[in-house]
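A.B. asks: Listed below are the residues making up each chain.
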Amino acid sequence: MTEENQNEGLTEDEKALLSEILSEDVSDLSEFGESRRNFLKQLTMAGGGILAFELFGGQELLASPATQPFIESIENAVTLSFKVNGAKKSLSLDSRMTLLDTLRERLQLTGSKKGCDHGQCGACTVLVDGKRVLSCLTLAASCSNKSVTTIEGLAKDGELHPMQAAFLKHDGFQCGYCTPGQICSAVSLLSEAKDGEVSYVTANVQTSKGAVSLSEEEIRERMSGNICRCGAYPNIVDAIREVHTGKGVAQNWQFVDDNQASNTSDLPKNDNK
Amino acid sequence: MRPFIYTPTSTVSAATQKLKANPHAKYLAGGTNLLDLMKEDVEKPTELVDITRLVLTEVKAITTGVNKGGITIGALGKNTDTANHPLIRQNFPLLTQSILAGASAQIRNMASNGGNLNQRTRCPYFYETSMPCNKREPGSGCGALEGINRMHAIFGWSQACVAVHPSDMCVALAALDAVVKVQGADGKERSIPFTDYHRLPGDTPQKDNTLNPGELITSIEIPINNFANTSYYLKVRDRASYAFALISVAAGVELEGTRIKQAKIALGGVAHKPWRALEAEKFLIGKEATEANFKQAAELEMKSAKPLEHNEFKIELGKRAITRALMQAMTGGKA
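Chains as they are written, first to last, in full-length UniProt numbering: chain B, 1 to 273; chain D, 1 to 335.
Just so you know, the hints here were simulated from the structure itself, not pulled from any lab data.
All C-beta atoms in this analysis are idealised placements derived from N, C-alpha and C, irrespective of residue type, glycine included.
Take these hints with a grain of salt, some might be off.
Claimed, not checked - Simulated coverage check for chain B against chain D, where a stretch passes if three residues somewhere in it have a Cβ under 8 angstroms from a Cβ of chain D:
#1 119-127
#2 135-148
#3 186-198
Said to hold, decoys possible - If you want a taste of the chain D side facing chain B, the calculated C-beta under 8 angstroms gives, among others:
#4 Ile5
#5 Leu100
#6 Ile107
Said to hold, decoys possible - Pairwise CB distance ranges (calculated):
#7 B:Lys194 with D:Asp196: 38 to 46 angstroms
#8 B:Lys247 with D:Pro193: 35 to 43 angstroms
#9 B:Lys156 with D:His24: 22 to 30 angstroms
#10 D:Ser13 with B:Glu217: 54 to 62 angstroms
#11 D:Ser140 with B:Gly196: 44 to 52 angstroms
#12 D:Met1 with B:Lys209: 40 to 48 angstroms
#13 D:Gln206 with B:Gly210: 41 to 49 angstroms
Generate the whole structure from the sequences, applying the supplied hints.
C.D. replies: Rendered as structure tokens:
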């Protein structure tokens, strides 16, 4: 099949896009009647990496012109209508899709992270109808008519959610992979405590009345479903404590000031010369 | 994950009919255990019957019948809501403590009460499909029997299976003499005493419980007791939170003056089902509630324990955990 033949199924717009993507050299070559597939193979083998990359990119664009990825057929398809960060969404999904994969792969909301995918790490934590849950163990199909809030939905009118701001202030992360889950979990934790929900370390579940005041021990117990392999736990606890109490908690780090930055003699000496 | 048909339902009878029609179908409630096992290719249902929209979520006081004064808990209530219900916190704090000792806040928000009963063992040989496991594949052997069995059973195990039941909530329900209400496709209801609900492995470890195929748990009933203020759930684990029990103890002590009228004790992490410590209970009747008596009761209970290669430590740990749980119970866990 020639390049020319293969282009027959394309719309005028797509042909224009293809010719834009294909460099002059490639257009010349294509006149030899080589198939595009062979072409790419040769280009890649010949080390024409950049060119090949452009071509692949072009193909991808052609394959998915709309914002919705093109899907030929779905086995055991289910239709799902629900709200995500306040916006109504309707999708047709494979029944196996978890809420996490749906958010990331179908709705381009990649803030929620896939850590273990087995409910052990908490990186995928989102709020469903206001409650924190693990999106990796939630079937998307079961979320019909529910309201999901992800890390992308916490900031309002360009203002960070107080918990996001507190995580920044207290450096509640290193690599940041667990952070969206930590923050969603922490936001939910505060409303749980406000609603008087007790925990395993609450002193007396019989007499505890009203909102629960969160000690460090309470915060740690209630956040135990969110693992941080960098070990930023002390800073995470500080951030949550600050938002919970509404009182400033001193941050345990500072940026270098201009003086320190310009005066290298303040830096530790390297003895291994 | 293998393909499956997703079937939402809105009534108990529709749900049970679906399972009758397809023996390879499973109920989907919280999904916290089932979806994980499906990802691991341990569970392979061809259809999931979503029961989360069934109206079986109520917690309410029982006002008539033999369990008058007790409480009934809907099978599809969430673990979090059950633990925090005012009636349960006030009258059955043991249940509240046990639920809160398990899993994480996220999982407790998802997990249903019925699903907690029906969760499967976390034995790593059950999860690892390249290893033999009679529970996963009857007749293939037990990988844990001579494998790494530190977390495994010391009571009631068989050559076919040494796995333990993973639930905390169920340990408290066993001590509380709960009753499991179930309904089948024929519409008939059954009541199963909690200690008969789960079973020991014997030659058929693939059967975790005594439910008939397709039967659905509708509620759990707990009779009233006189030890709400003298009960405690103690969980001993490898880390402070979000870990399965090495050993857990649900203890309730009913007093008559300074003497023990009756004690209810159940152990977790030691057997294929929540283990009622009947020897210890029998010994304590009529005794003074002293540490020395608690210790002796614990010694008696652990006499019949049969450890595996890596879990002999659970015998001494069990003695101390039973003693400590009973001591804590005397102050309602407040000491």
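A.B. asks: With reference to the structure, classify each hint as holding or not holding.
C.D. replies: Comparing the hints with the structure gives:
Coverage of the stretch 119-127 of chain B by chain D holds in this model, with 3 residues showing a Cβ closer than 8 angstroms to a Cβ of that chain against a need of three. Note: the stretch 135-148 of chain B has 6 residues with beta-carbon separation from chain D under 8 angstroms; the three-residue rule is met and the coverage holds. For the stretch 186-198 of chain B, the assignment as covered by chain D holds, since 6 residues bring a beta-carbon within under 8 angstroms of that chain's beta-carbons and 3 suffice. This hint holds: Ile5 of chain D has a C-beta 5 angstroms from the nearest C-beta of chain B, less than the 8 angstroms allowed.
The closest approach between the C-beta of Leu100 of chain D and any C-beta of chain B is roughly 4 angstroms, which is under the 8 angstroms cut-off, so the hint is satisfied. Given hint, Ile107 of chain D at the interface with chain B, holds; its Cβ is 6 angstroms from that chain's nearest Cβ, closer than 8 angstroms. About 41 angstroms separates the C-beta atoms of Lys194 of chain B and Asp196 of chain D, a value consistent with the hinted range of 38 to 46 angstroms. A hinted range of 35 to 43 angstroms for the beta carbons of Lys247 of chain B and Pro193 of chain D is inconsistent with their spacing of about 52 angstroms.
At about 47 angstroms, the CB distance of Lys156 of chain B to His24 of chain D disagrees with the hint of 22 to 30 angstroms. The hint said 54 to 62 angstroms for the Cβ distance between Ser13 of chain D and Glu217 of chain B, and at roughly 47 angstroms that hint is violated. At roughly 49 angstroms, the beta carbons of Ser140 of chain D and Gly196 of chain B sit within the given window of 44 to 52 angstroms. One distance hint, 40 to 48 angstroms for the beta-carbon pair Met1 of chain D and Lys209 of chain B, holds here, with the actual separation near 45 angstroms.
A hinted range of 41 to 49 angstroms for the beta carbons of Gln206 of chain D and Gly210 of chain B is consistent with their spacing of about 48 angstroms.
Going down the numbered hints, you'll see the structure goes against 8, 9, 10, while the others check out.
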